[in-house]
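Protein chains in written order, with numbering that gives the first Met the number 0: chain Y, 0 to 204; chain G, 0 to 407.
No lab work stands behind these hints, which were simulated from the structure alone.
We treat Cβ as the ideally placed atom computed from N, Cα and C, and that holds for glycine.
Be a bit skeptical, because a hint or two may be false.
[To be verified] Chain Y stretches covered by chain G per the calculated footprint, using a threshold of three residues with CB under 8 Å from any CB of chain G: (1) 56 to 64; (2) 69 to 76; (3) 138 to 151.
These are the residues of each chain, in order.
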Amino acid sequence: MGFTTILDILGSIIIGGLLMMIAWRLSEAATERTFNNSGELSMQQNLSTIANIIETDFRKIGYCDNYNKIPDPTKAITFADTSSLKFLTDVDSDGNVDSIFYYLGPTTELLSTPNPRDRILYRVVNNEAPIGSNLGVTRFYMVFYDALSDTIPPPVTTPGIISSIEINLMVEKVAAFVDSAAAYDTIPGAFWQQIRLVARNLKNR
Amino acid sequence: MSGKATIFVIAGFSLLFLVIAKNFGDVSNRAVDNFIDYHKETVSHSIAVSGANLAANEIFLDPTWDDGFSNRPFQDGELDVSVQIIDPYQNIRQVTARGTFDGHTSIVKVKLAPSKFSKFAYYSVSEGGTIWWTGSDTVWGPFHTQDYMRVYRHPVYYGKATTKKKLIYYTSQSMDKPYFFGGYEQGVDLPLPTDAVDLMEPIADDNGLKFHGQDTVYLTFDSDTLKYRYSFSSPDTTIYLPGAAPNGLIFAKDCIVRMKGTVKGQYTIGCSSSGDPNKGTVYLDDDIVFEKDPRIYPTSSDLLGICAENSVYMTDNPPNHSDINIHASIYCEKGGFGAQNYDTRPISGNINLLGGIIQHTRRAVGTFGSGGIKSGYAKRYRYDDRLMIASPPFFPGTGGFEIVSWYE
Numbered sequence: 000m001g002f003t004t005i006l007d008i009l010g011s012i013i014i015g016g017l018l019m020m021i022a023w024r025l026s027e028a029a030t031e032r033t034f035n036n037s038g039e040l041s042m043q044q045n046l047s048t049i050a051n052i053i054e055t056d057f058r059k060i061g062y063c064d065n066y067n068k069i070p071d072p073t074k075a076i077t078f079a080d081t082s083s084l085k086f087l088t089d090v091d092s093d094g095n096v097d098s099i100f101y102y103l104g105p106t107t108e109l110l111s112t113p114n115p116r117d118r119i120l121y122r123v124v125n126n127e128a129p130i131g132s133n134l135g136v137t138r139f140y141m142v143f144y145d146a147l148s149d150t151i152p153p154p155v156t157t158p159g160i161i162s163s164i165e166i167n168l169m170v171e172k173v174a175a176f177v178d179s180a181a182a183y184d185t186i187p188g189a190f191w192q193q194i195r196l197v198a199r200n201l202k203n204r
Numbered sequence: 000m001s002g003k004a005t006i007f008v009i010a011g012f013s014l015l016f017l018v019i020a021k022n023f024g025d026v027s028n029r030a031v032d033n034f035i036d037y038h039k040e041t042v043s044h045s046i047a048v049s050g051a052n053l054a055a056n057e058i059f060l061d062p063t064w065d066d067g068f069s070n071r072p073f074q075d076g077e078l079d080v081s082v083q084i085i086d087p088y089q090n091i092r093q094v095t096a097r098g099t100f101d102g103h104t105s106i107v108k109v110k111l112a113p114s115k116f117s118k119f120a121y122y123s124v125s126e127g128g129t130i131w132w133t134g135s136d137t138v139w140g141p142f143h144t145q146d147y148m149r150v151y152r153h154p155v156y157y158g159k160a161t162t163k164k165k166l167i168y169y170t171s172q173s174m175d176k177p178y179f180f181g182g183y184e185q186g187v188d189l190p191l192p193t194d195a196v197d198l199m200e201p202i203a204d205d206n207g208l209k210f211h212g213q214d215t216v217y218l219t220f221d222s223d224t225l226k227y228r229y230s231f232s233s234p235d236t237t238i239y240l241p242g243a244a245p246n247g248l249i250f251a252k253d254c255i256v257r258m259k260g261t262v263k264g265q266y267t268i269g270c271s272s273s274g275d276p277n278k279g280t281v282y283l284d285d286d287i288v289f290e291k292d293p294r295i296y297p298t299s300s301d302l303l304g305i306c307a308e309n310s311v312y313m314t315d316n317p318p319n320h321s322d323i324n325i326h327a328s329i330y331c332e333k334g335g336f337g338a339q340n341y342d343t344r345p346i347s348g349n350i351n352l353l354g355g356i357i358q359h360t361r362r363a364v365g366t367f368g369s370g371g372i373k374s375g376y377a378k379r380y381r382y383d384d385r386l387m388i389a390s391p392p393f394f395p396g397t398g399g400f401e402i403v404s405w406y407e
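Model the full structure from these sequences, guided by the hints.
Pasting the structure below:
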């Protein structure tokens, strides 16, 4: 074994090491990218799904297939606050009046998740037990407007005065790649806003 | 050898990069797809809603319209609208609007029912001068005026309020803004018909009860029976009402009606005039109430419509000097609902009205001063919620439809 052989071996080790480092770094970067991109994808899917459900439900405030069962739709909203809303509707269009209650759970409910801000957005139909899944909702708040488009200051003591609703929804990833407080300060979120949702049944008569 | 290894290394890394790049690309595409799908759904939904609105407008302009739209291009998509009569007896129609945009379809279903004036808690063509709705006024059901709505210190409207003319604030919006619990729309033109009472006559001829050739008809409802006479002192004739007026319409042609009593069932009184301003007037000589008050008996089906071609007055007589109870939807085609001798009669207590008032011109029921009521009545009007979905038989309709259910 000559000097050149030793040089070859050393060279190979260095080049191999470099390649391994590159591969390792590549793997780490790919993992982080995949984690972040997949997380963002999930976040956006969660957001659009929640937005769809909320829009579908809220547009049906005061709706009943048998309209005689809600003779006065102005009374369809039974409770309204900045992050909770209870109303009468007909969930499955079977002609029976149902109630839906949307409300945001506390952050303390999800202490086990890495993101300190995520909460469960509950959708309770009739008297079902509240069940929620963590979709990364960090903000859900509504602004209510009266018939003359003036803001109704919360809490809304007389829900019948509500004519339209502004809905704001913020969804964040439930976990950051690096689990640190600083990471959650800058974690990306997706925001959806319905500027004026008018439930057409609410004031149709 | 080293050349081959280099090629393998480069090929391996290239493959790795390609796979990773493809995955990243897929994730990005799916993220964008998400928003595109949401956008497409939103657009298709907007097209469907627009189709429903277009159809509702066509029906508003022509209540017999049922042509629909077929494959009509709209907002780079397509809309289809069909109109079906889903209840021929009640003439309930359903508009089904289908919006299609780039493979996404949304459906909106709207049910429309004939609109009757009886649904109003308060309707007027003219507010009878500069009369202000004040903070002590509450209207419990749908409200409409063809006139200005003059408001002072936050009056309250629990039903939907509509006006043809604008809102006028006594001082400013912040000081006088009304509370609209049922919404508010301005610019709604809903004229009162001019011949609705006359049109009741053939219906009464068909299967109702008709009085004619008399100056005055005195009617006393007594549950299932109706007592009537043609002069104050003559004896009553008693008839079994469901047999005498099977369709529920009692019509007095070209005369004055004086009525009172307890109503069982669903009836409408029509009172016409052939031009004499004194005729076509209904006087309420005493309480006219349901046998079963729906506030006590929620299943009560008793309903009463009082339709005068001219006016409806609360008679200035002793029984009416200490409150009057009225359970009816009152319709005054050319006149209004008021108190006879409102400015000279004694203080008469309260008008306890359960129903609604539809009148051409707002009339006075009393006079008021700084010390309170000086003559006539104080108003205690409550809306009969059942009028949102039911109406007395053959009560005048608006000629149009109203949306009773909107599914989207």
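Count the residues of the region 138 to 151 of chain Y whose Cβ falls closer than 8 Å to any Cβ of chain G, and tell me whether that reaches three. Satisfied; 4 residues make the cut.
Within the assertion that chain G covers the region 69 to 76 of chain Y, do at least three residues meet a Cβ-to-Cβ distance smaller than 8 Å? holds (count 3)
Do three or more residues from the region 56 to 64 of chain Y put their C-beta atoms closer than 8 Å to C-beta atoms of chain G? holds (count 5)
No hint from the list above goes unmet by this structure.
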